[in-house]
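Number of protein chains: 2
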Amino acid sequence: MLLYDVGNTNIKCYDNGEITNVDDFDENLNFYYINVNPNIKNFKNGIDLEPHFKLKTSYDGLGVDRKAVCYAVYDGVIVDAGSAITVDVMSEGVHLGGFILPGILAYKESFAKISTTLIFDVDENIDIKKLPKNSNEALNFAIFNSIYLMIRDVLEDKKLYFTGGDGDVLCKNFKGSVYKKDLVFTGMKRAIKEIKC
Amino acid sequence: MLLYDVGNTNIKCYDNGEITNVDDFDENLNFYYINVNPNIKNFKNGIDLEPHFKLKTSYDGLGVDRKAVCYAVYDGVIVDAGSAITVDVMSEGVHLGGFILPGILAYKESFAKISTTLIFDVDENIDIKKLPKNSNEALNFAIFNSIYLMIRDVLEDKKLYFTGGDGDVLCKNFKGSVYKKDLVFTGMKRAIKEIKC
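Chains as they are written, first to last, in the numbering used here: chain A, 860 to 1056; chain B, 860 to 1056.
Hints were generated in silico from the structure; no laboratory data involved. Just so you know, these numbers come straight off a predicted model, no measurement behind them. One or more hints might be untrue.
Note that the list lumps identical chains together, so a pair holds whenever it fits in one copy or between two copies.
[What the hints assert, rightly or not] Computed cross-link-like contacts, DSS-like style, restricted to lysine-lysine with a CA-CA straight-line distance of at most 30 Å:
#1 K992 x K1040
#2 K992 x K903
#3 K900 x K1040
#4 K988 x K1018
#5 K989 x K900
#6 K1031 x K903
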């Protein structure tokens, strides 16, 4: 089964358990897809899964990528860390709400735009328990501690799932959390299974 | 006494207790200034106060604007909310460190750059205790709760001072905190007094 997850910066392809970044869709094959990129409109033989997610939620306008990862988790907090970082809370199959932070690269670019003195190297190993003593620490601390505190604020005693390009980096700050590279595709496969039933 | 605080986006002038935004310096008068904008270099009859801040700190490369607000506070946490939001901790006259978040506008622009679906109106009255139920709430919650949690994380039982263009907005989330529009100038006046002693 061929699946595509079309994001704002990448297209991810899932083919029999293998995930790769691709530039385009395979002309000759049927596939299922989700898409959050308003600039991509031609999906050839693709079937849009968006109408098939029956997620219980009172959130108005939840992006299909967030619906898909939530569809893969019955109970827990899901962090999808890409160009933006989405954080969603699932409780016994019901989506309770969530929020959106800038992605790590978006933070970095945001600082650089404010001033040339705020150009720095991202350091995922920054100690977020120690008050910074220079600009490089001050900016890395701001990014990684913001993300950490925001997740912890909604976590309670729930299981924590990370996915997305920066998910494995962020995962390290939370003991007992898991990184699932294919979470969006797990959700998509559940939707496909429900169509076929 | 005429003082200028040259920031990344504004020049603030302090003239006998009155603070105004200005475009340039008065040609005919002597004044004191601080400057963090690398693009502004001609200060006419101005005296740069940067070498005169004798702040006790082990922070390497602290911006002169942060030195100035810290110079005005013996003990407390100081939040200067402008194009960036700087947070600094003072303890009995010693600067212990600090960090830098994007300013509110920088967050908003950062989201807009990620995707056109993340364009939204800033709402300073967002309830940061309630899990968001739509995109507008999700983005405002992310900004204001990030800032709130990051400040609370270093606050302990210290007094909290806000300054800068968005300081009055952020102040509302912390009971007992104060907004001091002229904090940077209070610090500059202390430095001038020390020169004259």
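Against the structure, the hints come out as follows:
1. K992 x K1040: This pair counts as between: shortest inter-copy Cα distance 26 Å, intra-copy 35 Å.
2. K992 x K903: For K992 and K903, the Cα distance exceeds 30 Å both inside one copy (54 Å) and across copies (34 Å).
3. K900 x K1040: Answer is within; shortest intra-copy Cα gap is 25 Å, inter-copy 50 Å.
4. K988 x K1018: For K988 and K1018, both the intra-copy (23 Å) and inter-copy (21 Å) Cα distances are at most 30 Å.
5. K989 x K900: Neither: 47 Å inside a copy, 35 Å across copies.
6. K1031 x K903: This pair counts as neither: shortest intra-copy Cα distance 39 Å, inter-copy 52 Å.
In this structure, the hints that do not hold are numbers 2, 5, 6, in rising order.
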